[in-house]
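If you read the sequences in order, they're chains X and U.
Numbering of the first sequence is given in the numbering used here, commencing with residue 2 and proceeding in unit increments.
Numbering of the second sequence is given in the numbering used here, commencing with residue 29 and proceeding in unit increments.
Hints listed in this document are in silico derivations from the structure and should not be mistaken for laboratory results.
Worth double-checking, as some hints may not be accurate.
[To be verified] Facing chain X, from chain U, some residues (calculated, C-beta under 7 Å):
| no. | residue |
| --- | --- |
| 1 | 69 |
| 2 | 70 |
| 3 | 118 |
| 4 | 131 |
| 5 | 136 |
From the three backbone atoms N, C-alpha and C, an ideal C-beta is built for every residue, glycine too.
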Amino acid sequence: DAKTTQPNSMESNEEEPVHLPCNHSTISGTDYIHWYRQLPSQGPEYVIHGLTSNVNNRMASLAIAEDRKSSTLILHRATLRDAAVYYCILRDGGLGGGSNYKLTFGKGTLLTVNP
Amino acid sequence: DVKVTQSSRYLVKRTGEKVFLECVQDMDHENMFWYRQDPGLGLRLIYFSYDVKMKEKGDIPEGYSVSREKKERFSLILESASTNQTSMYLCASSSPAGSLNQPQHFGDGTRLSIL
Numbered sequence: 002d003a004k005t006t007q008p009n010s011m012e013s014n015e016e017e018p019v020h021l022p023c024n025h026s027t028i029s030g031t032d033y034i035h036w037y038r039q040l041p042s043q044g045p046e047y048v049i050h051g052l053t054s055n056v057n058n059r060m061a062s063l064a065i066a067e068d069r070k071s072s073t074l075i076l077h078r079a080t081l082r083d084a085a086v087y088y089c090i091l092r093d094g095g096l097g098g099g100s101n102y103k104l105t106f107g108k109g110t111l112l113t114v115n116p
Numbered sequence: 029d030v031k032v033t034q035s036s037r038y039l040v041k042r043t044g045e046k047v048f049l050e051c052v053q054d055m056d057h058e059n060m061f062w063y064r065q066d067p068g069l070g071l072r073l074i075y076f077s078y079d080v081k082m083k084e085k086g087d088i089p090e091g092y093s094v095s096r097e098k099k100e101r102f103s104l105i106l107e108s109a110s111t112n113q114t115s116m117y118l119c120a121s122s123s124p125a126g127s128l129n130q131p132q133h134f135g136d137g138t139r140l141s142i143l
């Protein structure tokens with residue numbers, strides 16, 4: 002998977018929006034942007050993914066820059082349950098071999114939500 | 029929602045024992061994965077399976093084997109447990125092999141300690 006860069010940590014207040022940035026300047030044309038999060042003592046949880054257009058689902062929104070070199074995960078109203086490590090990864094959408102199956106997480110962003 | 033269930037949250041075994049970790053998913057997914065997660069090393073793929081009785085080695089298969097006799101169940105076996113296999117083990121599943129960008133859904137993990 003191509004490299005992504007995220008801040009080590011961010012802090013937010015409950016019920017406020019949170020914008021989690023991710024830089025991926027070496028993204029290729031077939032790379033999808035995926036976000037996962039991991040709450041303490043739990044397995045990772047899929048959040049959202051996209052290719053070029055902005056995406057929304059019940060958990061979050063994904064805003065993708067026009068040049069695709071960066072993206073932002075948006076939590077519209079943070080709750081205490083959103084405190085987690087958030088991982089931004091790139092996955093090749095082209096047909097290929099076994100390496101496309103695995104997920105590789107970097108260090109991610111530790112999000113703290115204050116009551 | 030997809031449910032991936034791992035048989036144990038915590039497990040303590042002794043060096044040399046044969047250890048079985050079980051994983052069951054309820055979404056009829058073709059693909060299933062076993063990862064281990066260690067501080068500073070991130071997520072590492074041990075084995076994955078794209079169909080019943082089919083398996084592929086991941087990045088760190090040494091000391092492990094797997095079994096997939098039924099579509100919903102994927103077992104990880106530590107043939108002779110060693111202390112360096114103390115780790116958090118995570119099972120995941122995803123839908124069809126042809127859709128490489130399908131999200132992976134994780135269980136809550138098994139924290140295994142080998143004494």
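Next on the checklist: So, against the hints stated earlier in the document, which numbers end up violated here?
Outcome noted: 1
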